[in-house]
Amino acid sequence: MKRYSFLELAKNAFSAHQNWGRQWRAPEPKAEYDVVIVGAGGHGLATAYYLAKEHGIRNVGVIEKGWLGGGNTGRNTTIVRSNYLWEESAALYNHAIGLWQNLSQDLNYNVMYSARGVLMLAHTVHDVQSAQRHIHANRLAGVQNEWLTPEQAKEYCPPLNISRNIRYPVMGGALQRVGGTARHDAVAWGYARGADALGVDIIQNCAVTGIRRTPDGAVEGVETAKGFIKAKKIGVVTAGHTSVVMSMAGLRLPLESFPLQALVSEPVKPAFPCVVMSNTIHAYISQSDKGELVIGAGTDQFVSYSQAGGIHITNHTIDAICELFPHFRRMRMLRNWGGIVDTTPDRSPILSKTSVPGLYVNCGWGTGGFKATPGSGHLFAHTIAKDEPHPINAPFTIDRFKTGRLIDEAAAAAVAH
Amino acid sequence: MLLIYCPYCQVKRAETEFHCGGEAHIARPSDPSKTTDEDWVDFLYTRSNIKGVYAERWRHIHGCGRFFNAVRDTVSDDFLKFYKAGEPMPDLNALAAEAGK
Amino acid sequence: MSDVLAGGLITPDAGETPLLSLSSLSILKAAPLARLSFRAREASLGAAGTAFGLDLPVAPLSSNSAEKRAALWMGPDEWTLLAPEDELQAVFDAIESALSGHPHALVDVSDRSETVIVSGEQAVWLLNTGIFIDFSLEEFPVGTVTRTVFHKAPVMVWRLAEETFAVEAWATFMDYVSGLLVQSAKELEAA
Amino acid sequence: MSQPFRTEKGGRIDRAEQLTFTFDGEELHGHKGDTLASALLANGIHLVGRSFKYHRPRGIVTAGSEEPNALVGIYRNGDQTPNLRATQVELYQDLQAISQNRFPSLGFDVGAVNDLLSPLFPAGFYYKTFMWPKSFWDRVYEPIIRSAAGLGRPPKNPDHDYYGNQYAHCDVLVVGSGPAGLAATLAAAETGARVILCDEQAEFGGSLLSVASASIDGKDPSIWVSETIQKLSAMANVTLLPRTTAFGYFAHNFIALAERVTEHLKDPDPKLPRERLWQVRAREVVIAAGAIERPMAFPENDRPGVMLAEAGRTYLNRYGVKVGHKVLVATACDTAWQAAFDLADHGVEVVAIADIRETPPDNLISIAKARGIRVEAGCVVTGTLGRKRVKAALLGRLMTSGQVASGGQVECDALLMSAGWTPTVSLYSQSRGKVVWDAEKGAYVPGKPVQKERSTGASKGLYGLQATLEDGYAAGEEAARAATGKTATFTRATASGGEAGNGGTLGALPHDRDASRVKAFVDYQNDVTAKDVKLAVREGMHSIEHIKRYTTTGMATDQGRLSNMNALQIASGSLERPMPEVGLTTFRQPYTPTTFGLFAGVARGDFFDPVRKTPSHDWVVGNGGVFEDVSQWKRAWYFPKTGEDMHAAVARECKTVRESVGLFDASTLGKIEVVGPDAAEFLERMYTNPWKKLAPGRCRYGLLLNDAGFITDDGVIGRLAEDRFHVTTTTGGAPSVFATMEDYLQTEWPDLDVWITSTTEQYAVAAVQGPKAREVIAPFIEGVDLSAEALPHMSVKEATFCGVPCRLFRISFTGELGFEINVPRRHGRMLWETLAAEIEKHGGTPYGTESMHVLRAEKGYIIVGQDTDGTVTPHDAGMSWAIGKKKFDFVGKRGLERPDLIAENRKQFVGLLTKDPKVKLEEGAQITTAETPATGTPAEGHVTSSYYSPALDRTIALAVVKNGHALEGQTLYVPMPDGSIPVEVTGTVFYDKEGARLNV
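Going line by line, the protein sequences match chains R, V, E and G. Taking my numbering, the leading residue of the first sequence gets 1, the next gets one more, and so forth. Taking my numbering, the leading residue of the second sequence gets 1, the next gets one more, and so forth. Taking my numbering, the leading residue of the third sequence gets 1, the next gets one more, and so forth. Taking my numbering, the leading residue of the fourth sequence gets 1, the next gets one more, and so forth.
Some clues are possibly wrong.
[What the hints assert, rightly or not] Quick list of simulated restraints, FRET-style, between CB atoms:
#1 R:Gln18 - G:Lys156: 53 to 63 Å
#2 V:Glu98 - G:Asp362: 27 to 37 Å
#3 R:Pro158 - G:Arg387: 51 to 61 Å
#4 G:Asp785 - V:Gly22: 33 to 43 Å
#5 G:Thr929 - R:Arg22: 52 to 62 Å
#6 V:Gly22 - G:Glu798: 19 to 29 Å
[Said to hold, decoys possible] As a list, the in silico SDA-like pairs of lysine to any residue whose alpha-carbon atoms are at most 20 Å apart:
#7 R:Lys11 - G:Gln166
#8 G:Lys128 - R:Met1
#9 R:Lys11 - G:His827
#10 V:Lys12 - G:Lys434
#11 R:Lys290 - G:Lys886
#12 G:Lys887 - G:His875
#13 G:Lys886 - V:Phe79
#14 G:Lys271 - E:Thr50
#15 R:Lys11 - G:Arg538
#16 G:Lys634 - E:Asp175
#17 G:Lys486 - E:Asp175
#18 G:Lys893 - V:His19
#19 G:Lys452 - V:Val75
#20 G:Lys920 - R:Glu409
#21 E:Lys152 - V:His19
#22 G:Lys128 - R:Ile166
#23 G:Lys613 - R:Leu198
#24 R:Lys11 - G:Lys920
#25 G:Lys613 - G:Asp362
#26 G:Lys634 - R:Arg3
#27 V:Lys12 - E:Pro141
#28 R:Lys2 - G:His827
#29 V:Lys34 - G:Lys920
#30 R:Lys269 - G:Pro155
#31 G:Lys32 - G:Thr262
#32 V:Lys12 - E:Ala59
#33 G:Lys886 - V:Val75
#34 G:Lys271 - E:Glu138
#35 R:Lys65 - V:Val75
#36 R:Lys11 - G:Thr262
#37 E:Lys152 - R:Ile166
#38 V:Lys12 - E:Glu189
#39 R:Lys269 - G:Ala148
#40 V:Lys101 - G:Thr129
None of these hints come from the bench; they were simulated from the model. Note that the Cβ used here is the ideal one computed from N, Cα and C, for glycine as well.
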């Protein structure tokens, strides 16, 4: 892999950039891989990268139905944070934060991780209690998170409307300074380039159509648009489509796939310094380096693979944004799109072995998978390589829904009195 | 915003009048004490989450208040059939074939 | 407005000033009345109608009215029965005694909601600022009644005449509903 | 007042009305009917902005909403709206416009240094650098990139304009009012179908407003347009919406339209909305969105003065503006020739028509010759000269070898170009239709309809005036028939002239320049060149989506409408794959950038979400009460007296309740009337508790779980009669409890004869709590014996309050003697004010939710949602007593039996007392066994509620702690940033453990 640097860029300027090599190959699939990863999104590519880099498993094929990074990786609002409530979750996402901090250097690809801070607003007494609980839990768990008064929140995010006269006044917020954003495409491309350089084959435009199992039940390989590919182990990382792929192995999961929308405004000069989220009035917003306000909307209420949601969802998101930032009312929406998020009953992911020997699944990230990308790939690689979970992802089993040991991040936002 | 036919009101109305109740025809075991943990998790959480034609529950919450079922293609979001609660699940494959899905 | 509409039950509240009064549109608070939620299976309808003094409609979204009585179809086993305010107890008792032995539920909801009367040639336009229903006469003839959503509030709409509608909302939503109706209607005052 | 580039006559502007406006502070003039762009051009101004990345000078390219360069800020009411297209901004008196993305001025922009450094900034350069030193990314590099990027400045002040909303249904929605759209509208309207016609422009007519050389029914096309519009406006079944963009096509034939209501007015009436969102459900849709012309990708094709040929024609014929005095026309197709002819006819010097085709049509050549225009066939533009305005163009001769030979230089002050036409398929694509490649037309055209729509005219690649009219009529008729089954006969117009042209090209044009030195722009706004696209392919970006994202081509504010086809062709060439295999990126809503305020609509301030108020609201306001938001409700939080802070007020309120009496508004609690012969059976199945033996007139606390086994709600339930229960729920939980009950009732137990009715709003509820509660209510209550014997704790009776029928509950959430009086809502204010006056006589006080929380915590009563969080079972909460052990089933029973719900080590509900009685724990604080736990130590639990207890004169707390029930008396720690707080685990009841105060 030819390393990127400013020097290299300058050198190439003299040859009119004619000599840049490919960032990844377009190989034909081999007949057999040690590990087949289904899905070349950020999580899948990261898994392949860490399998090769940390576990020496380089005979890996990543099989992608469309183009790499084309699913939720390329459709999300790029927020990175780890201030989750439960110890299990905080550890998982904080593992990712650790990797984010050196990811550009590790991959030699600028993923533009920008720790500009994630501010989560509280609008009711109950929100304040919930935020405080998160902050206390996070402190014990070693996860950065701090309380800001409305005035401090305004100082951190000057566009914020902290008037007492709005429908749900801001009562403060929890700030995670190490949270922020990253460039989603760059994450996929950086991992793809890194994995490719370590020998991983990334096979695009090749849909997996079946998972073949041996008579004793273990995985044997995948049927694909380009024929059968033998595999000792298969990791399924197909956010949104997990149920579809897992059903090929005869497994049913506690998942539902919903449309999730996001949108950007026209680009403007710097207007918004950080990330602001409000769970109560359902909005989150940041500004991209290009100048677009990047806004996350909610999910539609029904299962759908259409990658398109209803306008009423968008309306409710924008009315919330305009309530908090009333001068953005004259900004304009440039683009609105949808992704498909597979969601578990406790809003925590599944990162686990399955009842099928050799079959592993990484799914259920709901609306928040991007932030976990490096950590998820890292832990999933460990799980596949060792055939046992890393202690951090050990609680994120499928079995927890049966036994009742949920990691219920939704519960923390339970409706009060 | 979907357009949904309520088989009780016998009109099509905007989705905002309705609440989606998830996959249809998942009956609560009649004697829960006799079910295994596996059966119970299937009832509680396991969903077919089909990409394609499937049956789901809707409630006309801001209308007549009734639950009913609908068959929808989750790829196009087109509805293929609406029917009252309690009626048996239609032949999804036949409906799909008829609609060319 | 004709006072024979809806059994003469939906009338402007005499004590209230109009919320809006334009040549093409008016919004008036309606006077209180007795409202009963009646729930039963089909077998009990006849007896209930007799006791109430008016047949309960069985066609979806329809209403029946007679002098001092109106019965609104709300769902396949749900009706709203309207009567003058002072007849609440009498109506309640009459139905209860006629239906003893028939499974049913009769609940006083007179105070649960409030009503405004929206009328005028711009009435449909105004309702459509917040309600996603086709109010053409073909699709929504006079007498049609339905629950629906007005912006973010659940409401009930009942067409009393071609250009007259009763809009009912739970009491705590009425400030929101009437406030938005008036705000949107102000556009008509613009030059 | 000179407008040096204004024609003598012609155009649709009102020459009698002159308007003054400013651009970057310079005062200029235009006319009513101008757009800002046409007025600027009339003043000879082409340079209007700077590009995104290289800050190159840029001019007006188009006359429509696809404009990539002429984005300006418009000042109004002391603030500015950024990024408006000058081509869409209608001129009004005193309009103030500013250019964007330049510093300090449009003429001299320091950012232009980027253009010199551009060899260092190829596509995706930022992925390859700015990584060292690590900390520099978000401190140094990113801020620089951010301030260089962006276009206009964001608005600074809150927007006070109002935005409207309109829901609409129609049989046929027609999008676009060019010849096809107007014909379709007429055809559909004649059947009596309800038709909506919308067009993004101020005037209907589309391309018909800019043709000078065709006629319809023997008349000028613009006359036919006005006659048609006149006819349509007279039809009651037709709604005409000018200035209205169909920006989104959603599922089930739902189309969103943005109507700009006042933006074109100097002093709009504030009662009018600035914009209006139309949410339309159409039975059938006709897409008549036309086509847009394609720029030619030759080197330096971005010089101000270089613009599309059709735009030049539009400015001339529609706005009476000459885009230059010496104009070069460069084309690959026939239509641009007409622009040259029209300009020549207005006395503009057309220096040449350079057509890349070896043999352009003879008839065009002879018309050109007749006008004395030099024609260069097989000729391509290979570059342009000039900095802020094009001065000259380099011509090249295409050789049979494929090489280009220099063809000299021609002077010009405007260059009109046309690479052909691209049908506007955005809406079709949004409708989830799949476009198909039409090799003959060299364009993507709509494929099979997926929804109930059809494209007509140029938007499906059909050109020529007569053909378009015919197709429009057919589309309108078909749509009306499909929607309503109706047909009609009517007279059709016939056109002459306006024939369809031929020709067109795609991609980068050949030239004789040093390819590494010149820039041929594909996407103007994002500064994407042909080289960038090739670089992306070279680096392995083989999907068109990768190319788009890597180079940002097609991601500008025109969403690639101008750039996509050229970019695709270049990609296709580099990838050595035919166009259809390269694919097309998806068009997304909105079609053009759409104001946030439009989506937000009326939802702002108190209309952001309904504000639900109880009948005591005004009294509370008048008496200085403070509110808190609980779901949509405003609840009285506390009632400070002069000089009191919240702590003091709450302490006083609590003390008063314990010592004398307090008054609390409980109206917000959910109320559900459960009626029917199976009412008890139904509650038996829903709640954990047994209900069948509860006698009428008695109450019981009910605990509700979900089927997973976790607590979701609770409340007191009173049995009014054998077949009638009054159920209460939490305030926030009321809607979901009701919905859950309906769900089980309708879908699991439809055989039960029971019905539920929400009565939350039927009753106003006042709670009177405290030792003097009985004395307080006694004077007003009739029909019931209030004595402890006749009306013991947990009873309910029907009575009257001041003559008003009421449901009188004897219940308590404070541990004191208590009553809750439910009266019909309209009497709520009377109820509250009567009692408020009465308690004052007894030294009592109104109290709010905060005191309610303290009082109940002293008694160890849980608050669902605060002490529980969806992971707590009844056993955890110490409420195993609430479970009917003998019941066959209830919701949650089976869930509760699952292994992890009965495992050891579950977090259980306990009380905590700090060793120091003055120290109040923070709610949410974590609990550990170690005094100084290491980071990462799992918590034993957390504090759920914590207060100062006036009754105990010390702090108290409730918590969930692992195995907490077994830890009573033990010491645990609450680690805080400034040290650990030792606490003792206790029972949850802190006050009146025997409950003696309840039973008086």
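Here's how the hints hold up against the structure:
no. : hint                            : in the structure
1   : R:Gln18 - G:Lys156: 53 to 63 Å  : violated (46 Å)
2   : V:Glu98 - G:Asp362: 27 to 37 Å  : violated (56 Å)
3   : R:Pro158 - G:Arg387: 51 to 61 Å : violated (38 Å)
4   : G:Asp785 - V:Gly22: 33 to 43 Å  : violated (50 Å)
5   : G:Thr929 - R:Arg22: 52 to 62 Å  : holds (57 Å)
6   : V:Gly22 - G:Glu798: 19 to 29 Å  : violated (41 Å)
7   : R:Lys11 - G:Gln166              : violated (58 Å)
8   : G:Lys128 - R:Met1               : holds (13 Å)
9   : R:Lys11 - G:His827              : violated (84 Å)
10  : V:Lys12 - G:Lys434              : violated (27 Å)
11  : R:Lys290 - G:Lys886             : violated (65 Å)
12  : G:Lys887 - G:His875             : holds (16 Å)
13  : G:Lys886 - V:Phe79              : violated (45 Å)
14  : G:Lys271 - E:Thr50              : violated (51 Å)
15  : R:Lys11 - G:Arg538              : holds (17 Å)
16  : G:Lys634 - E:Asp175             : holds (13 Å)
17  : G:Lys486 - E:Asp175             : violated (44 Å)
18  : G:Lys893 - V:His19              : violated (26 Å)
19  : G:Lys452 - V:Val75              : holds (17 Å)
20  : G:Lys920 - R:Glu409             : violated (27 Å)
21  : E:Lys152 - V:His19              : holds (14 Å)
22  : G:Lys128 - R:Ile166             : violated (45 Å)
23  : G:Lys613 - R:Leu198             : violated (64 Å)
24  : R:Lys11 - G:Lys920              : violated (65 Å)
25  : G:Lys613 - G:Asp362             : violated (79 Å)
26  : G:Lys634 - R:Arg3               : violated (60 Å)
27  : V:Lys12 - E:Pro141              : holds (15 Å)
28  : R:Lys2 - G:His827               : violated (80 Å)
29  : V:Lys34 - G:Lys920              : violated (48 Å)
30  : R:Lys269 - G:Pro155             : holds (10 Å)
31  : G:Lys32 - G:Thr262              : holds (15 Å)
32  : V:Lys12 - E:Ala59               : holds (16 Å)
33  : G:Lys886 - V:Val75              : violated (47 Å)
34  : G:Lys271 - E:Glu138             : violated (32 Å)
35  : R:Lys65 - V:Val75               : holds (16 Å)
36  : R:Lys11 - G:Thr262              : violated (54 Å)
37  : E:Lys152 - R:Ile166             : holds (17 Å)
38  : V:Lys12 - E:Glu189              : violated (34 Å)
39  : R:Lys269 - G:Ala148             : holds (8 Å)
40  : V:Lys101 - G:Thr129             : violated (48 Å)
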